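Protein chains in written order, with numbering that gives the first Met the number 0: chain Y, 0 to 381; chain S, 0 to 390.
Source of the hints: derived by calculation from the structure; they are not laboratory data.
Watch out, some of these pointers could steer you wrong.
[Unchecked claim] Dumping the calculated DSS-like pairs for lysine-lysine here, alpha-carbon to alpha-carbon at most 25 Å:
# : chain 1 : residue 1 : chain 2 : residue 2
1 : S       : Lys368    : Y       : Lys267
2 : Y       : Lys267    : S       : Lys109
3 : S       : Lys66     : S       : Lys181
4 : S       : Lys181    : S       : Lys39
5 : Y       : Lys256    : Y       : Lys267
6 : S       : Lys238    : S       : Lys368
[Stated by the list, open to error] Far from chain S, by Cβ distances over 10 Å, these chain Y residues were calculated:
#  : residue
7  : Asp5
8  : Ala14
9  : Glu36
10 : Val153
11 : Pro156
12 : Thr246
13 : Asp297
14 : Ala298
15 : Leu352
Keep in mind that this is a model prediction, so the values were computed, not measured.
Using N, Cα and C, we set each Cβ at its ideal position, and we do this for glycine too.
Letter by letter, the chains look like this.
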Amino acid sequence: MNFDYDSEQNDLREAVRGLLARAYADSEQRRAVVKAEPGFDEKTWSRLAEMGLLGLPFAEEDGGMGAGPIEVAIVAEEIGRVLAPEPFIETVVLAGGLIAAVGTVEQRGEILGGISEGTTIAVFAHAEPGTRWSPTAAGVTATQSGDGWTLTGVKEPVPSGARADVLVVSAVVDGGGTGLFLVRGDASGLTRTGYRTHDGTRAAHVRFESTPAVALGTGGDRTAAVERALAETRIAYGHEALGAMDTALRTTAEYLKTRKQFGVTLNKFQALTFRAADMYVSLEQARSMALWASMVQDAGGDVVQAADRARLQVSRASRHIGKEAIQLHGGIGVTAEYSVGHYTSRLTAIDHLLGDGDWALARLAAAVDSYETVDPLGAPYA
Amino acid sequence: MRLRLSPELEAFREEMRTFFTTQVPLEIRERVAAHRELSKEQYVEAQRVLNAAGLVAPHWPVAWGGKDWTPLQRHIWREEMQLACVPEPLAFNTSMIGPVIAAFGNEEQKARFLPKTANLDIWWCQGFSEPDAGSDLASLRTTAVRDGDDWVVNGQKTWTTLGQHADWIFCLVRTDPGAEKKQRGISLLVFPMDSPGVTLRPIELIDGGFEVNEVFFEDVRVPAENLIGEENRGWDYAKFLLGNERVGIARVGATKRLLAQAKEHARQITADGRPLAEDPRTAARIAEIENELVALELTALRVVANSADGKPHPASSVLKLRGSELQQAATELIVDLAGPLSLASFAGEGSDVPDWARAATPHYLNYRKVSIYGGSNEVQRTIIAGSILGL
């Protein structure tokens, strides 16, 4: 058992941190980028590709680097640290993860190769109005049509859905079950309406009207693959949140040391410093759980339950730290001009993308009576 | 990064588990599991079993019966002990005065005290807190004045845990009232509790128990050879000792055991025609405490896996703070599961209320102490804000 990064992982972290620190040296740079379409910096995206980060978890024969979940977590945390708006998790971890898991050799080679090179942005179109956080589809249906398929229905909100070159779409297949399909951005019968979201990223309303699609992989019910990919993505978002919480806390501590009221700096007020101390406790507890979840994934353990545990811990910490970071700043914390409120906004978005804390807790509670104690180093995790 | 324990550590864990669950008398472990007070004889018996196997104080120097273990091995040792409901070696002996004598005592003191301390032939108690010196320990006022070959001690200590069983006391006393800083003029003396001039007065707690005491000193004569370390360096030894006190204070294994018991209790109590265990709110409450406890166990593992270089891990302060909160959350949960049965706290033999429900509220009330002792949680927040966040 060992919680330390090895030297290659440390090098990776330094390299990613350096790249993103140059791209988003201050919050003004990020504000300018997220104001313009497509909501992230295409040049930064290319640099991430040049560094090999966009193919990090893919097999080498699919054009990737063959790295593991720990490396993915390192990149995600650095993204969170500066709130980089590039859709790394959406494209590489979620859509890429699904394609890697169920795609044919040709699909993997083409799309994962394109993602790795930075030329293809793929996203998972899965959420539907009126449902939430389910591994199955309900409102988009797939109908077999000759060799291919057509899709009909609405997906929304789809992160980066308007910019994406390829959509991985979940849909109800004839005879029940949730299938996965590939739809090109220029497909007929596809209408995408993009919009800004509160955290500076982009999402889209995506309408399919007999839109031609290709089955991802060999077809059939893919609910289990979706559940697994969502779990792995929850873990990655947990690391992004960790980076964001770390910066939110550091920024807050720095502010308490410099901002003066009543003739003294705010860190003279124990009512404030104690609250900052509690934020640190929340952060470190979330860090322990997020690191562990990645290690469970790496070890081939029960990634779904580990992801639920991390989701609950990170959700609670995100809300605590996000809200306190603003409160301890005072009015400036709710201005768009200052950085810290944007961290809270992004943490709030992450918390609702793939399941919030109460959602994870309900899943854990349903199983809590089926075992006596938890051994995080033993079955079913290790 | 690697999740699994090495095969060697897996074997070590198994060895500890087997020892604790087979060699320590079941009757004693059941008493611990039921959260009932142990007799002095039971404490002594359990500690002697550990000592005979060389498992009583692994953090001591090897020459005095310690093991050359890593912090991770010591963590596993402690967790397995708690999971098996083995009473831990008396902290005053093995975590507090033992390491201080081993580090700062002279050879004669080591030979005189350490073997008996390990074997609980001497039961030690702690003379630190005073009525006006709690979290602000350095304000203590008990004095020791040199008179020939003796020190003469006058004053009062309080919160002296299990002092009623104690043979000896280790005591912080003011030996230089004129010192520039109040921390400078303090020394560490040890002396028998039956010395003339020592009086013990038990303090009844809100759970009805008597685990702490006041101790009064009136012209107690202590031979000069009973000074530990150097005169007026007592504060350094106290800090060293309290550093040891924080080790293992997260008590993850013990809280894990509490939650396992809570699950069992929730199956036994019926509400609205079904077991409480099937009530989603109850299940969610258990699951949330359990998840936070998993996070704490992982934080503890991060700390021990990383503290080999001797520098304390910054996250170590989280352990006391969150560890005490979770112990309290678990004891509160069990009172709530007991519901109205919890009122039968002092019911006798003829009661139909199960023992766990009778013990629930006294345990919960008693455990208000865990966020106060060992550096109150407010002291921990001050440490985090100051030394970690730089506030």
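Hints versus structure:
| no. | hint | verdict |
| --- | --- | --- |
| 1 | S:Lys368 / Y:Lys267 | 28 Å, violated |
| 2 | Y:Lys267 / S:Lys109 | 45 Å, violated |
| 3 | S:Lys66 / S:Lys181 | 37 Å, violated |
| 4 | S:Lys181 / S:Lys39 | 37 Å, violated |
| 5 | Y:Lys256 / Y:Lys267 | 9 Å, holds |
| 6 | S:Lys238 / S:Lys368 | 21 Å, holds |
| 7 | Asp5 | 8 Å, violated |
| 8 | Ala14 | 18 Å, holds |
| 9 | Glu36 | 38 Å, holds |
| 10 | Val153 | 32 Å, holds |
| 11 | Pro156 | 28 Å, holds |
| 12 | Thr246 | 14 Å, holds |
| 13 | Asp297 | 7 Å, violated |
| 14 | Ala298 | 5 Å, violated |
| 15 | Leu352 | 20 Å, holds |
The structure does not agree with the numbered hints 1, 2, 3, 4, 7, 13 and 14 stated previously, though it agrees with the rest.
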